[in-house]
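Line by line, the protein sequences are chains A and B.
Positions 0 to 171 (numbering that gives the first Met the number 0) are the ones given, in order, by the first sequence.
Positions 0 to 157 (numbering that gives the first Met the number 0) are the ones given, in order, by the second sequence.
Among these hints, one or two may not hold up.
Stated by the list, open to error - Taking beta-carbon pairs under 8 Å as the criterion, some of the chain A residues facing chain B (in silico):
#1 Gln4
#2 Val8
#3 Ile59
#4 Gly103
#5 Leu157
Unchecked claim - One-sided excerpt, in silico: chain B residues whose CB lies under 7 Å from chain A:
#6 Ala7
#7 Leu13
#8 Ser24
#9 Ile25
#10 Ser71
#11 Phe75
#12 Asn86
Because the hints were derived from the structure by calculation, they are not lab data.
Beta carbons: idealized from backbone N, C-alpha and C, even for Gly.
What follows is the residue order along each chain.
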Amino acid sequence: MKVIQHVDVGVGGTSSISFTNIPQNYTDLFVVASLRNSGSNAHVLIGLNGSTSNFTERYISGYGSGQISSSTYARYVGNVGTSSYTANTFGSTSIYITNYASSGYKSILGESVGENNSTTDWAFAFSGNLWSQTAAITSLQLTNESAATILEYSSATLYGILKGTDGTTTVS
Amino acid sequence: MPTPTYTALATVTLGGSDTEIIFSSIPQSYRDLVVVIGGSANAGTSPSLRFNNDSGSNYNIVRMYANASTYSSQSFNATYGSVGFMNTEKSTVVAHIMDYSATDKHKTALGRSSNTETLRLEIVRWANTSAITTLEVRMDGGSLYSTGTVMSLYGIAG
Numbered sequence: 000m001k002v003i004q005h006v007d008v009g010v011g012g013t014s015s016i017s018f019t020n021i022p023q024n025y026t027d028l029f030v031v032a033s034l035r036n037s038g039s040n041a042h043v044l045i046g047l048n049g050s051t052s053n054f055t056e057r058y059i060s061g062y063g064s065g066q067i068s069s070s071t072y073a074r075y076v077g078n079v080g081t082s083s084y085t086a087n088t089f090g091s092t093s094i095y096i097t098n099y100a101s102s103g104y105k106s107i108l109g110e111s112v113g114e115n116n117s118t119t120d121w122a123f124a125f126s127g128n129l130w131s132q133t134a135a136i137t138s139l140q141l142t143n144e145s146a147a148t149i150l151e152y153s154s155a156t157l158y159g160i161l162k163g164t165d166g167t168t169t170v171s
Numbered sequence: 000m001p002t003p004t005y006t007a008l009a010t011v012t013l014g015g016s017d018t019e020i021i022f023s024s025i026p027q028s029y030r031d032l033v034v035v036i037g038g039s040a041n042a043g044t045s046p047s048l049r050f051n052n053d054s055g056s057n058y059n060i061v062r063m064y065a066n067a068s069t070y071s072s073q074s075f076n077a078t079y080g081s082v083g084f085m086n087t088e089k090s091t092v093v094a095h096i097m098d099y100s101a102t103d104k105h106k107t108a109l110g111r112s113s114n115t116e117t118l119r120l121e122i123v124r125w126a127n128t129s130a131i132t133t134l135e136v137r138m139d140g141g142s143l144y145s146t147g148t149v150m151s152l153y154g155i156a157g
């Protein structure tokens, strides 16, 4: 696993975090993000190659004593801290994308937790997206639902994971 | 931010006729193992782990899953440890096996998987204290991994 790019959000925040010119020589991509936004909606959305369409999703979330699952969302990959969350808390999100440089559809696994002292806000989310496009992924965007600003001190790191062999382990 | 290092131990790209893949001679020098599967299957089924060829009922599983608008959880005992769900749609399965070389504890694995039908989170406990030297990743019910499915085994240094 190697760092491809790291983004620290600076003063004033940003509307999106974007990784561009992603090299095509890894097997999988892995994103780790620490995010908080200025709005009231906790969902963080993924875009690929600038596209926000052709996503199909399964989603489950637990918050306080409640749960929800849905297939009506699209592009949700996790939760972030919102303006109503406990001060100084940021949501943690990880995203795993297999075979991102292939010519097949892309499968995306998202996990996140957004800690809040309240029992009514989203706390845990697990999602699976299928991007029904065959293009290799060359860029990846993270935004918030409702176009809220991603606040200063948020960060995201894109890693590349490379398949291979150690010459010792055997496969049959 | 700490970075776990994924060191590739073995990778196989499947040809459509395999129902099980066996990783052997796994080095004991890492802390954890991670199995990643990117691809599909010829039918809806569970990719499952079997350690050191142990086919006894020594695998305890607890699972949470969600379909389109429903969700549930269950726990059961089996002769292998399910770590996800795959079907004919493109799927991602990531299974993290903790402390695989320890000899003083039962081994646990955390499996996460996604596709357009089902999300799953699963925990497997293998009731055995032996170090894991052989890892079988088998399809439940004899289903097949589809052509082009990529399965990799990684080691994470402790």
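Consistency of the hints with the structure:
1. Checking glutamine 4 of chain A against chain B by beta carbon gives a least distance of about 13 Å; that is not within 8 Å, so the hint is violated.
2. The interface hint given for valine 8 of chain A is broken, as the beta carbon of that residue sits about 14 Å from the closest beta carbon of chain B, more than 8 Å.
3. The interface hint given for isoleucine 59 of chain A is met, as the beta carbon of that residue sits about 4 Å from the closest beta carbon of chain B, less than 8 Å.
4. A distance limit of 8 Å between C-beta atoms decides the matter here; for glycine 103 of chain A the minimum to chain B is near 6 Å, and the interface restraint holds.
5. Given the 8 Å rule on beta carbons, the hint for leucine 157 of chain A is violated: about 12 Å separates it from the nearest Cβ of chain B.
6. Given hint, alanine 7 of chain B at the interface with chain A, holds; its Cβ is 3 Å from that chain's nearest Cβ, closer than 7 Å.
7. About 10 Å separates the beta-carbon of leucine 13 of chain B from the nearest beta-carbon of chain A, more than 7 Å, and the hint is not met.
8. Using the Cβ-Cβ criterion of 7 Å, the hint placing serine 24 of chain B at the interface with chain A is satisfied: the shortest such distance is roughly 5 Å.
9. Taken as an interface hint, isoleucine 25 of chain B checks out: its beta carbon lies about 5 Å from the nearest beta carbon of chain A, inside 7 Å.
10. Violation of the interface hint for serine 71 of chain B is found here, the shortest Cβ-Cβ separation to chain A being roughly 9 Å, above the 7 Å cut-off.
11. At about 20 Å, the closest approach between the beta carbon of phenylalanine 75 of chain B and any beta carbon in chain A exceeds 7 Å, and the interface hint on this residue is violated.
12. Look at asparagine 86 of chain B: its Cβ only gets to about 11 Å from chain A, farther than 7 Å, so that hint breaks.
Consistency note: the structure conflicts with the earlier hints numbered 1, 2, 5, 7, 10, 11, 12.
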